[in-house]
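Engineer: What follows is each chain in one-letter form.
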Amino acid sequence: MRQALGTWLAVLCALVLLCGSAFADSKSESLKPLGDSPPVERGPVVPSASEAELRKQLEAEYRTELENRLAQERDSYAASLTSLWIANGAVWAVLLLFVIMQALSARKRIAELDKLKSDRDS
Amino acid sequence: MRTKTLITSMGLFAMLCVVIFGLGVKGLALDETFRRFVLAALWVCTWFAAVVGLNRAAASDRNKSFFSALMLLPFDPALVYLVRLVSTLVWLVITQALLVLLAVPMLKFDFFSQPLMLAVALMADVGILALGVLLASATGRLRGGEALLTIALLPVTVPVFLAATGATEALHTGSGAAEAWPYVLLLGVCDAMFLALGLLLFGKLNEG
Amino acid sequence: MKAKTSNAPLITLALAALGLIGAEVTLYLSYFYTPVQISAGTLYVVTPSSGSTINLYESYRIFFIHLPAAYATALCCTLAAVGGIAWLLTRKDAWQALIVSASEVGLATGAIVLLTGTFWADYAWGSGRIGSGWNWEPRLTTMLILWLAFAALLVLRRAMDTDKQRAMMTAVYGILLGPLYPLVSKAIEIGQTSHPKSFSDLLSAPEIATTKQVATIGILLALVSMVALRYCWNRLGQRMAQERAA
Numbered sequence: 001m002r003q004a005l006g007t008w009l010a011v012l013c014a015l016v017l018l019c020g021s022a023f024a025d026s027k028s029e030s031l032k033p034l035g036d037s038p039p040v041e042r043g044p045v046v047p048s049a050s051e052a053e054l055r056k057q058l059e060a061e062y063r064t065e066l067e068n069r070l071a072q073e074r075d076s077y078a079a080s081l082t083s084l085w086i087a088n089g090a091v092w093a094v095l096l097l098f099v100i101m102q103a104l105s106a107r108k109r110i111a112e113l114d115k116l117k118s119d120r121d122s
Numbered sequence: 001m002r003t004k005t006l007i008t009s010m011g012l013f014a015m016l017c018v019v020i021f022g023l024g025v026k027g028l029a030l031d032e033t034f035r036r037f038v039l040a041a042l043w044v045c046t047w048f049a050a051v052v053g054l055n056r057a058a059a060s061d062r063n064k065s066f067f068s069a070l071m072l073l074p075f076d077p078a079l080v081y082l083v084r085l086v087s088t089l090v091w092l093v094i095t096q097a098l099l100v101l102l103a104v105p106m107l108k109f110d111f112f113s114q115p116l117m118l119a120v121a122l123m124a125d126v127g128i129l130a131l132g133v134l135l136a137s138a139t140g141r142l143r144g145g146e147a148l149l150t151i152a153l154l155p156v157t158v159p160v161f162l163a164a165t166g167a168t169e170a171l172h173t174g175s176g177a178a179e180a181w182p183y184v185l186l187l188g189v190c191d192a193m194f195l196a197l198g199l200l201l202f203g204k205l206n207e208g
Numbered sequence: 001m002k003a004k005t006s007n008a009p010l011i012t013l014a015l016a017a018l019g020l021i022g023a024e025v026t027l028y029l030s031y032f033y034t035p036v037q038i039s040a041g042t043l044y045v046v047t048p049s050s051g052s053t054i055n056l057y058e059s060y061r062i063f064f065i066h067l068p069a070a071y072a073t074a075l076c077c078t079l080a081a082v083g084g085i086a087w088l089l090t091r092k093d094a095w096q097a098l099i100v101s102a103s104e105v106g107l108a109t110g111a112i113v114l115l116t117g118t119f120w121a122d123y124a125w126g127s128g129r130i131g132s133g134w135n136w137e138p139r140l141t142t143m144l145i146l147w148l149a150f151a152a153l154l155v156l157r158r159a160m161d162t163d164k165q166r167a168m169m170t171a172v173y174g175i176l177l178g179p180l181y182p183l184v185s186k187a188i189e190i191g192q193t194s195h196p197k198s199f200s201d202l203l204s205a206p207e208i209a210t211t212k213q214v215a216t217i218g219i220l221l222a223l224v225s226m227v228a229l230r231y232c233w234n235r236l237g238q239r240m241a242q243e244r245a246a
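As you go down the protein sequences, you meet chains A, B and C in turn.
Here my numbering is used: position 32 in the first sequence is 32, and no number is missing along the way.
Here my numbering is used: position 156 in the second sequence is 156, and no number is missing along the way.
Here my numbering is used: position 93 in the third sequence is 93, and no number is missing along the way.
Check each hint, because a few of them may be wrong.
[Stated by the list, open to error] As a list, the in silico EDC-like pairs of lysine to aspartate or glutamate whose alpha-carbon atoms are at most 20 Å apart:
| id | chain 1 | residue 1 | chain 2 | residue 2 |
| --- | --- | --- | --- | --- |
| 1 | A | Lys117 | C | Asp93 |
| 2 | B | Lys108 | B | Glu32 |
| 3 | B | Lys26 | B | Glu146 |
| 4 | A | Lys108 | C | Glu243 |
| 5 | C | Lys92 | C | Glu243 |
| 6 | B | Lys204 | C | Asp163 |
| 7 | B | Lys108 | B | Asp61 |
| 8 | B | Lys204 | C | Glu243 |
| 9 | C | Lys186 | B | Glu179 |
| 10 | C | Lys164 | C | Asp93 |
| 11 | B | Lys204 | B | Asp61 |
| 12 | C | Lys92 | C | Glu207 |
| 13 | B | Lys204 | B | Asp31 |
| 14 | B | Lys64 | B | Glu146 |
| 15 | B | Lys108 | B | Glu169 |
| 16 | B | Lys26 | C | Glu243 |
| 17 | A | Lys115 | C | Glu243 |
| 18 | A | Lys108 | A | Asp119 |
| 19 | C | Lys92 | C | Asp163 |
| 20 | C | Lys164 | B | Asp31 |
| 21 | A | Lys117 | C | Glu243 |
| 22 | A | Lys56 | A | Glu67 |
| 23 | C | Lys92 | B | Glu207 |
[Stated by the list, open to error] Below, a sample of chain B positions facing chain C; criterion: calculated Cβ distance under 7 Å:
| id | residue |
| --- | --- |
| 24 | Ala138 |
| 25 | Leu142 |
| 26 | Ile151 |
| 27 | Ala152 |
| 28 | Val156 |
| 29 | Val158 |
| 30 | Pro159 |
| 31 | Leu195 |
| 32 | Ala196 |
| 33 | Leu199 |
| 34 | Leu201 |
| 35 | Lys204 |
[Said to hold, decoys possible] Some but not every residue of chain B turned toward chain C, in silico, with C-beta under 7 Å:
| id | residue |
| --- | --- |
| 36 | Leu148 |
| 37 | Pro155 |
| 38 | Leu205 |
Calculated directly from the structure, the hints in this document are not laboratory data.
Built from N, CA and C at the ideal position, the CB exists for glycine as well.
Whole structure, please, built from the sequences with the hints as guidance.
Structural biologist: The structure is reproduced here in structure tokens:
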């Protein structure tokens with residue numbers, strides 16, 4: 001009975017902690033999408049510039065914007081990533097605990113079974 | 001005498017379902033939402049009526065040790081299962097009919113505008129009871145078996161309910177019979193499968 | 001005979017340990033190897049049945065737990081049904097232990113699927129419906145039913161009077177679990193669903209595809225080894241009961 005209670009408790013803990021890990025990735029902590037902000041005025045495209053140069057320039061602009069955005073994004077869930085790690089570590093520990101408990105209990109049952117068998121034989 | 005009591009109790013059960021539901025929604029306007037609520041109530045009441053019917057049959061078996069006597073007789077268990085199924089089905093269909101007859105005037109229930117609903121209701125009843133009779137034969141013998149039957153029956157009969165409510169929705173939201181056919185087909189498949197399972201397993205579950 | 005009883009738990013323990021390591025590798029990969037989702041458009045976006053594209057942002061990382069747990073639940077359902085049929089045919093106690101173990105583990109993995117699924121659906125698609133959080137998505141709803149059925153099996157089993165009745169009921173209810181599996185798997189095709197029909201958009205990124213494979217092997221191994229562990233444990237219990245009766 002106590003064994004069963006312990007098992008269920010472990011399962012319950014695992015579930016609660018799993019809830020934690022799911023909650024950690026909360027919407028409020030993540031960066032919102034950029035949305036449809038009006039395009040930035042860049043002035044008229046100078047026709048004299050060669051197309052390759054223009055492409056290069058736009059590419060560079062895009063890269064810096066992307067890096068910027070990525071950095072923001074990383075910052076925005078640094079905290080939730082930490083809590084996710086804690087929660088997942090805890091889930092893992094509970095699972096490990098469950099496995100160890102099962103192993104110990106199985107060993108006890110094997111010993112008991114052997115004793116029952118030897119009792120019957122003698 | 002027994003039949004008279006039975007009809008009275010069925011009528012009261014149906015009346016009670018309608019009245020309680022009506023009390024719960026009495027402030028609502030008679031709009032689309034309300035109509036959908038009434039249809040949902042029909043399925044809820046049907047399900048509980050089925051459970052009540054199954055438990056009632058099990059209780060009378062227990063009191064008269066009728067069931068164990070029946071299983072001792074050299075009948076095929078499948079035959080016992082079918083007889084039990086038909087008798088419970090009659091009970092459920094009558095209760096359902098009373099329910100609908102009361103709900104049509106009292107809850108402005110437009111059941112008869114869609115003739116296919118009759119087939120859907122009957123098929124849903126068969127599906128629920130096919131498994132219900134099977135499970136009730138085991139839970140009926142237990143103390144507290146009534147509650148157990150509820151727990152055991154709900155998850156396994158959900159396919160029937162998905163199909164029945166799906167068909168109801170399709171029929172009553174104006175999309176018509178064409179949309180409802182896949183659900184009716186699903187109901188038919190569920191009925192066939194559950195009946196087959198019931199016929200095969202009833203004897204096993206009650207052997208010895 | 002004796003060697004068999006003492007070795008099986010050791011093997012399952014080793015499997016469980018391997019699975020746990022696999023699970024942890026999966027978690028590491030899913031946080032540090034798979035890329036951060038950048039923008040709506042082409043990358044890491046799932047197209048639900050409505051046809052609109054939705055940015056999953058960070059939430060897609062839940063996928064690596066959700067999917068193996070769903071596989072494990074499906075496997076548990078199948079094992080219970082197969083165990084039920086096999087028991088009725090052979091009447092060997094081992095099948096009973098299999099049904100019970102599969103239901104116990106199915107209850108746990110089903111809970112994981114339900115929780116991760118609910119949070120994921122709420123995050124990605126949930127807002128603006130009744131019961132934000134639980135949005136009556138067909139796949140999730142049918143999964144809840146399957147979960148209830150696992151619970152019902154274990155409750156029913158306990159309630160039975162005699163050993164014979166218990167075994168019968170377990171086998172019969174195990175078989176009744178069988179039809180729920182196609183229901184869950186077909187649920188995304190009936191009615192309105194926000195569950196993606198395929199994850200090919202998500203898996204087009206090689207990092208995500210690799211992590212998914214590791215997750216499927218690692219976490220699935222961890223969860224399946226739980227079935228094996230419970231099976232050993234239940235089997236030992238049966239043997240003890242037999243010895244006591246003898």
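Engineer: Each hint: holds or not?
Structural biologist: Consistency of the hints with the structure:
1. A:Lys117 to C:Asp93: holds (19 Å)
2. B:Lys108 to B:Glu32: holds (12 Å)
3. B:Lys26 to B:Glu146: Judged against 20 Å, a Cα distance of about 31 Å means the pair is violated.
4. A:Lys108 to C:Glu243: holds (15 Å)
5. C:Lys92 to C:Glu243: holds (16 Å)
6. B:Lys204 to C:Asp163: holds (14 Å)
7. B:Lys108 to B:Asp61: violated (39 Å)
8. B:Lys204 to C:Glu243: violated (27 Å)
9. C:Lys186 to B:Glu179: Within the cut-off at roughly 17 Å; holds.
10. C:Lys164 to C:Asp93: OK: Lys164 of chain C and Asp93 of chain C at ~11 Å, within 20 Å.
11. B:Lys204 to B:Asp61: holds (19 Å)
12. C:Lys92 to C:Glu207: Answer violated: Lys92 of chain C to Glu207 of chain C is near 46 Å, above 20 Å.
13. B:Lys204 to B:Asp31: Cα-Cα ~50 Å, so violated.
14. B:Lys64 to B:Glu146: OK: Lys64 of chain B and Glu146 of chain B at ~17 Å, within 20 Å.
15. B:Lys108 to B:Glu169: holds (17 Å)
16. B:Lys26 to C:Glu243: Distance of about 64 Å is beyond 20 Å: violated.
17. A:Lys115 to C:Glu243: OK: Lys115 of chain A and Glu243 of chain C at ~10 Å, within 20 Å.
18. A:Lys108 to A:Asp119: Holds. Lys108 of chain A to Asp119 of chain A sits at ~16 Å (cutoff 20 Å).
19. C:Lys92 to C:Asp163: Holds - the C-alpha atoms of Asp163 of chain C and Lys92 of chain C are around 13 Å apart, at most 20 Å.
20. C:Lys164 to B:Asp31: violated (54 Å)
21. A:Lys117 to C:Glu243: holds (7 Å)
22. A:Lys56 to A:Glu67: Cα-Cα ~16 Å, so holds.
23. C:Lys92 to B:Glu207: Status holds; Cα separation ~17 Å.
24. Ala138: At about 5 Å, which falls below the 7 Å cut-off, the nearest Cβ of chain C leaves the hint on Ala138 of chain B intact, so it holds.
25. Leu142: At 6 Å from the nearest chain C Cβ, Leu142 of chain B passes the 7 Å test, so the hint holds.
26. Ile151: The hint holds - Ile151 of chain B has a Cβ within 7 Å of chain C, the shortest such distance being about 5 Å.
27. Ala152: With Cβ-Cβ at 5 Å, under 7 Å, it holds.
28. Val156: This hint holds: Val156 of chain B lies near chain C, its Cβ roughly 5 Å from the closest one there, short of 7 Å.
29. Val158: holds (5 Å)
30. Pro159: Holds: closest Cβ of chain C sits about 5 Å from Pro159 of chain B, inside 7 Å.
31. Leu195: This hint is violated: Leu195 of chain B lies away from chain C, its Cβ roughly 12 Å from the closest one there, beyond 7 Å.
32. Ala196: Where the cut-off is 7 Å and the nearest Cβ of chain C is about 11 Å from Ala196 of chain B, the hint is violated.
33. Leu199: violated (13 Å)
34. Leu201: holds (5 Å)
35. Lys204: Check passed: Cβ of Lys204 of chain B comes within 6 Å of chain C, closer than 7 Å.
36. Leu148: holds (5 Å)
37. Pro155: holds (4 Å)
38. Leu205: Given a least distance of 5 Å, the restraint on Leu205 of chain B holds.
Hint check: violations occur at hints 3, 7, 8, 12, 13, 16, 20, 31, 32 and 33; the rest are consistent with the structure.
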